[in-house]
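*Asks:* Sequence:
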Amino acid sequence: RMSLAQLVQFTPKFAKLSVDCSQKYTPMRTKELNLVHNSEVFNVMFKIFKPFLGQKWNKRIHFHGNDMNALHKYIDADCLPISLGGTLDDPEIDGKVMADFVEQYEWHLKKLNSYGYKEEEK
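Counted the way the UniProt record's numbering counts, the sequence shown spans residues 1 to 122.
Treat the hints loosely; a few may be bogus.
[Claimed, not checked] As a list, the in silico DSSO-like pairs of lysine-lysine whose alpha-carbon atoms are at most 27 Å apart: (1) Lys59 to Lys13; (2) Lys73 to Lys16; (3) Lys50 to Lys13; (4) Lys13 to Lys111; (5) Lys96 to Lys73; (6) Lys50 to Lys31; (7) Lys24 to Lys13.
[Claimed, not checked] Now the in silico label distances, taken between C-beta atoms and shown as ranges: (8) Glu120 to Thr87: 25 to 35 Å; (9) Phe14 to Asn66: 22 to 32 Å; (10) Glu103 to Pro27: 20 to 30 Å; (11) Pro12 to Thr87: 40 to 50 Å.
No wet-lab data here; the hints were simulated from the structure. Note that the structure is a prediction, hence the values are computed from the model and not measured. Cβ coordinates follow ideal geometry from the N, Cα and C atoms, glycine included.
Using the sequences and the hints given, assemble the complete structure.
*Replies:* The following block contains the structure:
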């Protein structure tokens with residue numbers, strides 16, 4: 001859950017930078033983003049980001065709250081775990097696998113983060 005203290009750290013400048021990184025500099029294409037169990041605080045925070053999103057991204061982001069039937073309009077229940085109203089078993093993952101991966105390849109991730117282009121301000 002996102003707290004109000006976290007929310008106040010999201011300035012419009014930070015929002016624009018985050019959106020630019022996601023839309024312009026990430027080497028993948030986001031076809032759709034479905035958000036579930038989003039809190040009211042998150043919804044308020046998203047309103048800070050929304051003006052900086054391109055038209056395509058605005059159409060590709062869907063908020064479902066706790067309405068799993070709304071989620072199933074975009075993702076078939078056969079592809080979702082039980083906790084999201086699906087039929088798949090919920091995996092028992094505590095995050096250790098990802099933490100170990102990041103720790104093992106930290107040097108490589110730092111190197112990847114050093115690449116890119118500087119965009120001049122307009």
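*Asks:* Indicate, hint by hint, whether the structure satisfies it.
*Replies:* Now for the hints, and whether the structure bears them out:
no.	hint	verdict
1	Lys59 to Lys13	23 Å, holds
2	Lys73 to Lys16	30 Å, violated
3	Lys50 to Lys13	13 Å, holds
4	Lys13 to Lys111	26 Å, holds
5	Lys96 to Lys73	32 Å, violated
6	Lys50 to Lys31	17 Å, holds
7	Lys24 to Lys13	16 Å, holds
8	Glu120 to Thr87: 25 to 35 Å	51 Å, violated
9	Phe14 to Asn66: 22 to 32 Å	28 Å, holds
10	Glu103 to Pro27: 20 to 30 Å	23 Å, holds
11	Pro12 to Thr87: 40 to 50 Å	42 Å, holds
In this structure, the hints that do not hold are numbers 2, 5, 8, in rising order.
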